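I would like the entire structure built from these sequences, with the hints used as guidance.
As given, the protein sequences belong to chains A and B, one line each in that order.
In terms of the working numbering, the first sequence opens at residue 131 and continues consecutively.
In terms of the working numbering, the second sequence opens at residue 1328 and continues consecutively.
Treat the hints with care, as some may be off.
Think about it this way: if two alpha-carbon atoms lie no more than 20 Å apart in a straight line, the pair counts; the simulated SDA-like pairs of lysine to any residue are [claimed, not checked]:
(1) 168(A) with 1499(B)
(2) 328(A) with 294(A)
(3) 1477(B) with 191(A)
(4) 175(A) with 1400(B)
(5) 206(A) with 1385(B)
(6) 152(A) with 1397(B)
(7) 206(A) with 1342(B)
(8) 1393(B) with 322(A)
(9) 181(A) with 1479(B)
(10) 198(A) with 1344(B)
(11) 1393(B) with 216(A)
(12) 152(A) with 1469(B)
(13) 175(A) with 1479(B)
(14) 207(A) with 1385(B)
Computed beta-carbon distance windows for the label pairs [to be verified]:
(15) 198(A) with 1490(B): 29 to 39 Å
(16) 1500(B) with 203(A): 47 to 57 Å
(17) 224(A) with 1353(B): 43 to 53 Å
(18) 321(A) with 1512(B): 45 to 55 Å
(19) 332(A) with 1368(B): 31 to 41 Å
(20) 1418(B) with 224(A): 48 to 58 Å
(21) 299(A) with 1410(B): 18 to 28 Å
(22) 1465(B) with 300(A): 47 to 57 Å
(23) 1396(B) with 219(A): 17 to 27 Å
(24) 321(A) with 1501(B): 46 to 56 Å
(25) 1496(B) with 300(A): 45 to 55 Å
These are computed hints drawn from the structure, not numbers from a lab.
Note that this is a predicted model, so its numbers are computed, not measured.
C-beta: ideal position from N, C-alpha, C; glycine also.
Here's the letter readout for the chains.
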Amino acid sequence: MNEENLYSRGKLSAEDLHLFIKGELGDDRMREIELILKTSIDDFKQYISIKESLYLMKKGLKPSLHFKNSILGLVKKQSSIPHIQLLIKVIKDSISISSSDQEILEFQGIMTDFAFRGSEPGPISVTRKVNGNEVTLSFTPNMESENYLLEVTLLKEEEISALLLVEGEEWEIIRDLSKKSLFENPLPLHGSMELIFKKRGEIQYTIGIVLHNDK
Amino acid sequence: MNPEDFSNMMSGLLSGNENSWSFFIDSFYPLIRGKISKMAPHLDVDDTAQEVYMQLINNDYRALRKVEGGFPAFLNFLIAVIENVAKSQIAKHSRFSQKIDHQKDIETNLEDKRYSIEIEFFRKEEEGFFTHIISQLDLTYLEVMQLRSKGYKAREIAEILKISQNTVLTKMRRGKEKIKKILDSEIKS
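Following this line, the structure appears as structure tokens:
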């Protein structure tokens, strides 16, 4: 499924269309949007889709208790996989790293270890304990080619594989972290990534990473 | 749904909070079920609805993490997910029931690839023609006809558009007449 452009079609935003439906825009804007709706199929479809959704939410059937419990069961199963989200910001000479644990929504400051080579940023190393194992992520920047090399090391030497996703797409997989720790394909300076750690095919834990770089 | 409630719901969904998921199921199930029923009445609606929820839950809520914007943008996102799931279920269903010959499938795929540029050209042409026609009609006519094409009954269209059922029926009849007139004049010219 292509999730990239699912809801960014046409010239008008969903917010604009919602306000138009509720009649909460000025007369000029209302007329302008009406004209766009008559000339843009994508906008018109999106507009009808929002109207349809609002109607169905109000008039549609409620879920049975059995159905609701089955979905909540799926959520419970999913939530049992430990997940940590890291936000790494590199702004000129400073680096800020924060993490959000799945149970705690607020971001927390964590230990970072980095060095500078002249005015160039040096490697960034982040260590976190996840699911009883200490995971160290080392990002080595290459400012000329504008990318990072990522190395993942685990304190406990186990046969664990690491699947790296960049912007939701499979990027690279390391089959056994006890034998190899460096991802060969460099990472972009910006963007969201995800590391999925598996043991014998079962997901053990996941780490989401958002990189933001202002040179 | 006000922006604060929506934002709280989203944070809760992404962290697997049971109350948020419970609220989400109660609030959006009517939409998910209703949309599936209109798109594919022959499918088991709850099975397909479950697939939709699984798409949102799987891989640590990856699909949900991509949602940007507020409640209206989320509606569009959700509709797109429902449509994708329903389409894939319809395809699965028809593959099993029609027992399509494997070789025929391969030939069709080759054919589709070979003519994809032409198909795209004609699609664009048709879209342009359609835009030309609809730009000559009032918005209410278009709304009525679009909702009708999605399988809504006159009573439902009346409720969605907040107009009387008689007006819906009149708009449907007059809309068809108007389109016929436009098409006739296009053909003559």
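Going through the hints against the structure:
no., hint, verdict
1, 168(A) with 1499(B), "holds, 17 Å"
2, 328(A) with 294(A), "holds, 11 Å"
3, 1477(B) with 191(A), "holds, 18 Å"
4, 175(A) with 1400(B), "holds, 14 Å"
5, 206(A) with 1385(B), "holds, 12 Å"
6, 152(A) with 1397(B), "holds, 15 Å"
7, 206(A) with 1342(B), "holds, 11 Å"
8, 1393(B) with 322(A), "holds, 10 Å"
9, 181(A) with 1479(B), "holds, 13 Å"
10, 198(A) with 1344(B), "holds, 14 Å"
11, 1393(B) with 216(A), "holds, 16 Å"
12, 152(A) with 1469(B), "holds, 18 Å"
13, 175(A) with 1479(B), "holds, 15 Å"
14, 207(A) with 1385(B), "holds, 10 Å"
15, 198(A) with 1490(B): 29 to 39 Å, "holds, 35 Å"
16, 1500(B) with 203(A): 47 to 57 Å, "holds, 50 Å"
17, 224(A) with 1353(B): 43 to 53 Å, "holds, 45 Å"
18, 321(A) with 1512(B): 45 to 55 Å, "holds, 53 Å"
19, 332(A) with 1368(B): 31 to 41 Å, "holds, 38 Å"
20, 1418(B) with 224(A): 48 to 58 Å, "holds, 51 Å"
21, 299(A) with 1410(B): 18 to 28 Å, "holds, 22 Å"
22, 1465(B) with 300(A): 47 to 57 Å, "holds, 49 Å"
23, 1396(B) with 219(A): 17 to 27 Å, "holds, 23 Å"
24, 321(A) with 1501(B): 46 to 56 Å, "holds, 52 Å"
25, 1496(B) with 300(A): 45 to 55 Å, "holds, 53 Å"
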